[in-house]
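There are 4 protein chains.
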Amino acid sequence: MPATLDLYKMYETLTTEEQQIWQAAQNFVDKEFMPIISAHHRDATFPVELIPKLGKLGFLGSQLPEEYGCAGINNRAYGLIMQELERGDSALRSVASVQGALVMYPIWRYGSQQQKEHWLPQLAAGEKVGCFGLTEPDFGSNPAGMLTNAKPHKDGFLLNGSKMWITNGNIADVAVVWAKLDGKVHGFLVPKDTPGFTATEIKGKFSLRASITSELSFNDCFIPKENMLPEAQGLKAPLSCLSQARYGIAWGAIGSALATYHCALDYSKTRIQFDKPIASFQLIQQQLVEMASDITHAQLLAFRLAELKDQKQVRPAMISLAKRNNVRMALNTARTARNILAANGIVDEYPIMRHMMNLETVITYEGTHEVHTLILGQHLTGVSAFE
Amino acid sequence: MPATLDLYKMYETLTTEEQQIWQAAQNFVDKEFMPIISAHHRDATFPVELIPKLGKLGFLGSQLPEEYGCAGINNRAYGLIMQELERGDSALRSVASVQGALVMYPIWRYGSQQQKEHWLPQLAAGEKVGCFGLTEPDFGSNPAGMLTNAKPHKDGFLLNGSKMWITNGNIADVAVVWAKLDGKVHGFLVPKDTPGFTATEIKGKFSLRASITSELSFNDCFIPKENMLPEAQGLKAPLSCLSQARYGIAWGAIGSALATYHCALDYSKTRIQFDKPIASFQLIQQQLVEMASDITHAQLLAFRLAELKDQKQVRPAMISLAKRNNVRMALNTARTARNILAANGIVDEYPIMRHMMNLETVITYEGTHEVHTLILGQHLTGVSAFE
Amino acid sequence: MPATLDLYKMYETLTTEEQQIWQAAQNFVDKEFMPIISAHHRDATFPVELIPKLGKLGFLGSQLPEEYGCAGINNRAYGLIMQELERGDSALRSVASVQGALVMYPIWRYGSQQQKEHWLPQLAAGEKVGCFGLTEPDFGSNPAGMLTNAKPHKDGFLLNGSKMWITNGNIADVAVVWAKLDGKVHGFLVPKDTPGFTATEIKGKFSLRASITSELSFNDCFIPKENMLPEAQGLKAPLSCLSQARYGIAWGAIGSALATYHCALDYSKTRIQFDKPIASFQLIQQQLVEMASDITHAQLLAFRLAELKDQKQVRPAMISLAKRNNVRMALNTARTARNILAANGIVDEYPIMRHMMNLETVITYEGTHEVHTLILGQHLTGVSAFE
Amino acid sequence: MPATLDLYKMYETLTTEEQQIWQAAQNFVDKEFMPIISAHHRDATFPVELIPKLGKLGFLGSQLPEEYGCAGINNRAYGLIMQELERGDSALRSVASVQGALVMYPIWRYGSQQQKEHWLPQLAAGEKVGCFGLTEPDFGSNPAGMLTNAKPHKDGFLLNGSKMWITNGNIADVAVVWAKLDGKVHGFLVPKDTPGFTATEIKGKFSLRASITSELSFNDCFIPKENMLPEAQGLKAPLSCLSQARYGIAWGAIGSALATYHCALDYSKTRIQFDKPIASFQLIQQQLVEMASDITHAQLLAFRLAELKDQKQVRPAMISLAKRNNVRMALNTARTARNILAANGIVDEYPIMRHMMNLETVITYEGTHEVHTLILGQHLTGVSAFE
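Residue numbers (the numbering used here), protein chains in the order written: chain Z, 1 to 387; chain G, 1001 to 1387; chain F, 2001 to 2387; chain P, 3001 to 3387.
Calculated directly from the structure, the hints in this document are not laboratory data. Be careful, since some hints might not be right.
Below are the BS3-like pairs computed for lysine-lysine, each with C-alpha atoms no more than 27 Å apart in a straight line [stated by the list, open to error]: (1) P/Lys3009 / G/Lys1276; (2) G/Lys1009 / Z/Lys312; (3) G/Lys1203 / F/Lys2236; (4) P/Lys3276 / Z/Lys184; (5) P/Lys3009 / F/Lys2236; (6) F/Lys2203 / G/Lys1269; (7) Z/Lys9 / G/Lys1009; (8) P/Lys3009 / F/Lys2009; (9) F/Lys2276 / G/Lys1184; (10) G/Lys1009 / Z/Lys236.
Derived coverage of chain Z by chain G (criterion: at least 3 residues anywhere in the stretch with Cβ under 8 Å from a Cβ of chain G; other residues may be distant) [unchecked claim]: (11) 98-106; (12) 229-235; (13) 277-285; (14) 294-302; (15) 329-337; (16) 367-377.
Fair warning: this is a prediction, and the values are worked out from it, not measured in the lab. Ideal placement from N, C-alpha and C gives every residue a C-beta, glycine not left out.
Sequences are here, hints too, so could you generate the full structure?
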């Protein structure tokens, strides 16, 4: 098993079952993913063949009930999976997050029985891939301003508008698309071959390169009535999905930080300068200590959040705190690790530069750092400072 | 009860008994201490009359066994007491830390049965006061270099040397003094009226003003054999006391931060500028959010540390991490609070400047920030970078 | 002469006359001020007997013309005086700033010929002391909201309202008071014994202790017509005074930083731990390097600003940049120096804690850090974000 | 001309000639380089066809005398060229730095008359390309430890060893290689087709992608006597070249920061969220203000350094200060700009991610941040803390 910094012995509190799930995730990442990620990162491709394997391992929508083919595990075990996937690459965790938290979760929570039965087992198995269309080109931090709209048409709706920065847009079999109907936000399931629906891959990304990101556009795209999510009304439906995803990111960020921290630690113990390992210099130790201390905070936040989530005591502000803190922590950790590796920090022989680049996306998506600052600010003061 | 930021609902996990102890500490601080601290801070005096009250409440050496008149409580309850005392003032917590962790603890752990029976009940009751003499003028971060020494003389020893920055030195009935005997560190109990022992108060402090700090000097000071701590041999004995004290500081720092955070939060909600409360400005919210996020980390560290300590799984590096992080956090929080209060932040009508000044000591004593960096650095890398 | 960090050889560019003025200021501070400041800081008093000496040396209103008894020197020489006075203590520089930039400057710029002839020579000589009343209890960052007002009455005005945080309020012979007359801000000269005018000293400050700070109140206080500043109309008049004062603060902050930097450097070279000077540890060198690098930036800003001011090219945003940066720099430098001195950093045997405490005021007055952020933000973006 | 932040009106102090050179560099970058950089960055290639154009413009070895075909300009004009080239891309400035400061400079300063006459005009014209071989795989921060060595052989030397992270190694016509001869460092000119000399391009870089970086290896590579630099003896010869290069980097970093700052400023003024430009939010203004303030410091450092260098008053510690500060500033600026652009910050439609990635190399090469900290620390304290 890979080294996992555990200064406060949190992982020793895992149950046997959680330990096994954790180990399965570690094995998968180390054996199936690490050998190929560097090439995919260079080429800006995602190893789509891994999606069914993720499904087989129960890593897609893991918290949803077994009746729909899901693993039905608790939030701690789910968090550990996210941690390990992002120890591999943020792109890998993103794929699992999108599938589980942004596609399967809304179908399960807001969908009809028929929608659930049709989609959830296939999505859980990784036989089908989904994507989540909320963000628009001009509405990133303010989804309430969305322009995409649905108009009643025959036995369904005509969908018009566009969505931006959509993970897996080009490989998705189904898109969960949010649009305004009579001024109120609703969710629609849009299969990939629907006329009027096109997805265009975004090129030239230097972050999450091993992830497919797309722009979706809908041009008088007809959606039959039964493809609307019946229970989702208003913006709080897609926001509840974001909460699920952010929870996973809070765990995932720890994985990324563990990857870069352990790489820097190992490097510092073997890299000799002035006849001794650089780990013996005060300026290097200080950097390692800040990393390890910050990772420990992030772990405590994530473990406690899992507990609160399992007890249904979690609130959006708690998740904002953990997402905001842990991703910034992971980004700082990657930057520090990059610095410790000096010249070796810029080549893809080491995972560091890749993680550092990835985290620039992770700190932005699912609520930028500033958005989470203002969510928390409102929670603490009772006053909104968004506008 | 005073407001206590609890974003991750940690205080809701307290047992009824812990809740009661916590409340007793809050009441004591709010009713007995808050009304007088400002005057003591101005005058640079400590309210010695409170020491027996601390004793009566069981706040001195609270974790030690009841057979010696102590409260025998667990580490979480003890931590909560430290938190509340330092919410009052770092000087108040320091007095309790010195008495409990640095005087009673070594007597209990390293003392003879007779020493325990003689001193512990009186110290627990606050009828007697103790101090701890380890640091020397030229040996702050490197206690191993101490010059104070004991030489065999008749049925005891002659003690020579001096100790610096000793809390309560001038009011102590007994000093636990560490000195080298044949090159090995030993502990000695030195009653206040021992010939050759003098204590001089250090004046002109602008930190921990409400605390008495002294220089001790020993000039052919005769110590009878039975005043040596029989079980303490080598530097690890006083270092084990520091671990106890640092644990309490890690909790205490949270109390200080809660005091300055809540003051700044309340101020920001009522202070109007440009026709609205300053809490509604993004630049103010950002500062409050950083404070609240950092306090949450510190709370998680402290609660977990208590658990590990109760399970006897705690290691010095864990305590270093929490002391280092939590005190820096409290200092940053005080500085930010000072900034939010603007001009009002500099007057003692508010507790902020006092806490900010105090924490400059707290970040230095019981191991400076740098010392804890290097303790952790050594723990992580396996290499010492002290020298 | 005291050591002055000069990594970029800026002080070597001084003219002979500037050198002489600089030296006179250094001598004054070292010989007349340093020996007494510690006691004044402890007692919270200002050495008023030094004011005439400042006058004799030409340090009050130094840039104003010689015809009014002023020194008529350039902005660089004036800056060097401010630097040296604040190397002594921010309180000393504050007194000179208030007298020169906030009292003499508005009289010179906005006053009648008679006002100039009456007040400027006495103020320049330090025979009379002035104060500046702009800030009000509820209007710190937003002076436009002031409530103090003047109503026409006989051959003058009745002044009502109160002013807060007024340096030298209790020792001033004359107050320059800003009040609204028919909704427009005007300036009034209020002699100390004017009926209805009272000044109350603010107690319990733990910053700028060696400075007198007062609340002024005006209760139907009659001001004869000839005491109004005829040329000052609107808020831009008092704001122009603030620009003068902020310019001086930008230089003064360097002086404070030089005091704490040199103290920490000297300490680190003589303090031995682990058998070598702490200056030889990487963690200490890093702190010294940050201080020295930041001081160098501040010096370059100040020297360039002097040049631009002499060429009448200076703009408020430039001054905001230097005030904001240099005071934060000085505060950070003091905090770092405090840390390097460890326990010795908290006693007034060293100047460090005093400077650190002082700078909490300096970063707040004449525009808080946030206010200058928003002044600059507006300058850069063209959009105001104040409200 | 492109926008150039100039809060302290430094660029207004340029002479007409300096203005013209500056403009020529701006034109070249904007017209010849900006249209192609994005593609080269994607493909990890350098536009070698631009090298002769750089030569024609006088941008290669610009400060060296005209008798060798160089421009013979002053240090300020040279700095402005570096600024503009790095505003394009750090790779472009690196090519000019290597050619001018690391190849032409040592030939000019340490070479024979014949070496100068042969190489300088061709290198100045960009007809030939050079590289600089100092760093070795195991000796980055400590070049004194180099293993590459030369042994006398017939009328010359046999060179053995390897060099790492060599910019332009694969396209260079000549390498300036540093090796030990009898334990003392000497410089050798190694033409590209010398038997035993091979260059291997380093792949998988995610920083300075538009730059060719190589490993050089020398295997009994015969160097005729006349290819040794006669005047270079000891490590101070290559270190003097590094000083030249670092000076250019201090300027170049400003160019990179100007690129990312102006991009973020423009974006913030046009990007609408919550119905107003994001430039009107306090949290965004604060970020822009820090960037602009830091760029201003860097400009003042660079302009003053140019003056000191032209007056031959420059010292290595001054250059270390500017290199260390300005590159960290540029990196922070790029990171902040990335954040302001949110999702758009990760695509190469904008230059920001590219600059951010590049600067990870720039902060490492020619002395890491830590190395410059310790150079400055030694300068300030008189004690070395390198080992």
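Going down the list of hints, with the structure as the test:
Of the supplied pair hints, the one linking P/Lys3009 and G/Lys1276 is violated, its CA atoms being roughly 37 Å apart against a limit of 27 Å. Taking the CA atoms of G/Lys1009 and Z/Lys312, the gap is near 12 Å; set against the 27 Å cutoff, the hint holds. A hinted pair counts as satisfied when its Cα atoms are at most 27 Å apart, and G/Lys1203 with F/Lys2236 does not qualify at roughly 47 Å. Restraint check for P/Lys3276 and Z/Lys184: the C-alpha separation of about 23 Å stays at or below 27 Å, so the hint holds.
Note on P/Lys3009 and F/Lys2236: the hinted pairing holds, with a Cα-Cα distance of about 24 Å set against a maximum of 27 Å. Distance restraint check for F/Lys2203 and G/Lys1269: the Cα-Cα separation of roughly 25 Å lies within the 27 Å cut-off, and the hinted pair is therefore satisfied. Restraint check for Z/Lys9 and G/Lys1009: satisfied, since their Cα atoms lie roughly 21 Å apart, inside the 27 Å limit. In summary, the hint linking P/Lys3009 to F/Lys2009 is supported, as the alpha carbons are separated by about 21 Å, within the 27 Å threshold.
For the hint linking F/Lys2276 to G/Lys1184, the alpha-carbon distance of about 23 Å falls within 27 Å, and the restraint holds. Proximity of G/Lys1009 to Z/Lys236 is assessed by CA-CA distance (about 24 Å); at most 27 Å being required, the pair is judged to hold. With 0 residues carrying a beta carbon less than 8 Å from a beta carbon of chain G, the stretch 98-106 of chain Z misses the three-residue requirement, and the given coverage is violated. Counting residues of the stretch 229-235 of chain Z whose beta carbon lies closer than 8 Å to any beta carbon of chain G gives 0, which falls short of the minimum of three for the stated coverage.
Three residues within the 8 Å Cβ limit are the bar, and the stretch 277-285 of chain Z against chain G gives 6, so the coverage statement holds. Closer than 8 Å: that is the beta-carbon criterion, and the stretch 294-302 of chain Z has 4 residues meeting it against chain G, so the requirement of 3 holds. Counting residues of the stretch 329-337 of chain Z whose CB lies closer than 8 Å to any CB of chain G gives 0, so the stated coverage by that chain is violated, three being the minimum. Chain G is given as covering the stretch 367-377 of chain Z, and this holds because 4 residues of the stretch bring a CB closer than 8 Å to a CB of that chain, at least three being needed.
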